[in-house]
Amino acid sequence: MATASIATGVIQTVRGPIHPDQLGVTLPHEHLYIQLWEIPGRNDCAGQFEDEEVLQQEVLAFKDLGGQSVVDCTVPGIGRSPEKLLRMSESTGVNIVMGCGWYREPYYPAGDLIDRRPVEDLAREIISEINVGVGGTGIRPGIIGEVGTDKSWVSAQEERVHRAVARAHLATGLALTTHSIGKPVGLTELAIFEDEGVDPRRVIIGHCDHPCCLFMDYHLEILKRGANVQFDTLGNKASELDERAFRILIKLLDLGYADQLFLSQDVCKDQHLRYLGGNGFTYVLGTFLPKLRQAGVPEALITRMMVENPRRVLTIRDSKT
1 MATASIATGV
11 IQTVRGPIHP
21 DQLGVTLPHE
31 HLYIQLWEIP
41 GRNDCAGQFE
51 DEEVLQQEVL
61 AFKDLGGQSV
71 VDCTVPGIGR
81 SPEKLLRMSE
91 STGVNIVMGC
101 GWYREPYYPA
111 GDLIDRRPVE
121 DLAREIISEI
131 NVGVGGTGIR
141 PGIIGEVGTD
151 KSWVSAQEER
161 VHRAVARAHL
171 ATGLALTTHS
181 IGKPVGLTEL
191 AIFEDEGVDP
201 RRVIIGHCDH
211 PCCLFMDYHL
221 EILKRGANVQ
231 FDTLGNKASE
241 LDERAFRILI
251 KLLDLGYADQ
261 LFLSQDVCKD
271 QHLRYLGGNG
281 FTYVLGTFLP
291 KLRQAGVPEA
301 LITRMMVENP
311 RRVLTIRDSK
321 T
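Using this note's numbering, you'd call the opening residue of the sequence shown number 1 and step up by one each time.
Hints are computed from structural coordinates only; laboratory data are not their basis.
Here a beta-carbon is modelled for each residue, glycine too, at the ideal position from N, C-alpha and C.
What you were told as hints is all true, and nothing was included just to trick you.
Mimicking EDC-like on lysine to aspartate or glutamate, the simulated pairs with C-alpha atoms at most 16 Å apart in a straight line are: (1) Lys183 x Asp150; (2) Lys237 x Asp270; (3) Lys269 x Glu52; (4) Lys224 x Glu194; (5) Lys224 x Asp199; (6) Lys84 x Glu53; (7) Lys291 x Glu243; (8) Lys84 x Glu52; (9) Lys269 x Glu50; (10) Lys291 x Glu240; (11) Lys224 x Asp259; (12) Lys291 x Asp242; (13) Lys183 x Glu221; (14) Lys269 x Asp51; (15) Lys251 x Asp217; (16) Lys84 x Asp51; (17) Lys224 x Asp254; (18) Lys84 x Glu50.
Using C-beta positions, here's what the derived DEER-type ranges look like: (19) Ala300 x Lys224: 15 to 25 Å; (20) Asp21 x Asp254: 22 to 32 Å; (21) Lys224 x Arg244: 17 to 27 Å; (22) Asp121 x Phe49: 29 to 39 Å; (23) Arg244 x Glu299: 20 to 30 Å; (24) Ala300 x Arg87: 27 to 37 Å; (25) Ser239 x Asp121: 40 to 50 Å; (26) Pro290 x Gln57: 14 to 24 Å; (27) Glu243 x Glu299: 14 to 24 Å; (28) Gly226 x Leu301: 17 to 27 Å.
Work out the full structure, taking the sequences as your base and the hints as a guide.
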């Protein structure tokens with residue numbers, strides 16, 4: 001399998017590679033542009049209000065609170081827009097890291113033939129994007145994902161994708177970030193990655209604050225295996241569930257797992273935007289972090305979660321060392 005042509009020791013953004021120290025305060029799981037397919041019988045068809053001026057103001061509100069970087073986890077088939085991301089980064093000055101791969105089975109583009117192509121062929125497609133950019137744009141992904149499952153188990157096609165992205169990770173050094181709703185599916189995904197030789201420290205298990213995943217035993221098993229736990233729907237669910245997530249996060253910090261914890265919001269629907277009455281990209285910095293401080297969480301641990309952990313995971317490294 002071909003090796004990556006990108007440099008290690010840097011973070012790849014849509015505007016090009018940056019030194020890790022330039023990343024700063026980061027939201028590691030968001031969507032600036034996303035359009036899921038209209039699938040009959042489903043109620044999870046997210047879609048963003050694609051007014052670039054409105055979205056620019058949403059991103060600038062995050063920047064005004066001290067935010068410096070956003071990881072856009074939108075992948076092909078659900079609205080990934082490299083050139084729009086580039087324009088947004090240039091107009092706001094916010095670093096944007098773009099994702100790649102495939103989302104979950106109902107949203108796999110039919111033309112991608114996930115069920116027919118060899119895993120190695122799927123992996124090569126991702127590696128090509130990472131090496132030379134998307135299409136003819138030259139815009140390169142800086143993380144693999146979000147890739148995930150539709151249910152609380154991994155389907156046969158989803159397993160093929162998980163193995164493909166694991167091999168792309170091994171060839172390029174980019175980290176993996178997942179869509180994992182429903183205990184214990186994150187552990188099943190992690191087992192596939194480990195079977196392919198992935199270092200769990202390079203894996204972020206996403207949506208760990210979803211109602212189906214808010215269980216300490218689940219979080220602890222992920223953490224004990226060396227992977228990272230991400231609470232990334234903060235501010236986008238019932239306040240009682242955010243409170244439960246808050247209490248669990250405090251316990252995990254008390255147990256010494258600050259090095260493996262990530263915080264974000266998963267903005268992906270019209271109603272999430274401030275323009276339409278939601279919290280936009282400001283909830284973590286403007287509401288959740290002040291609450292952590294009020295509860296006595298040291299600033300060093302907040303910096304760990306918001307700056308140091310994203311910097312560590314997003315920095316491209318030789319996965320063979």
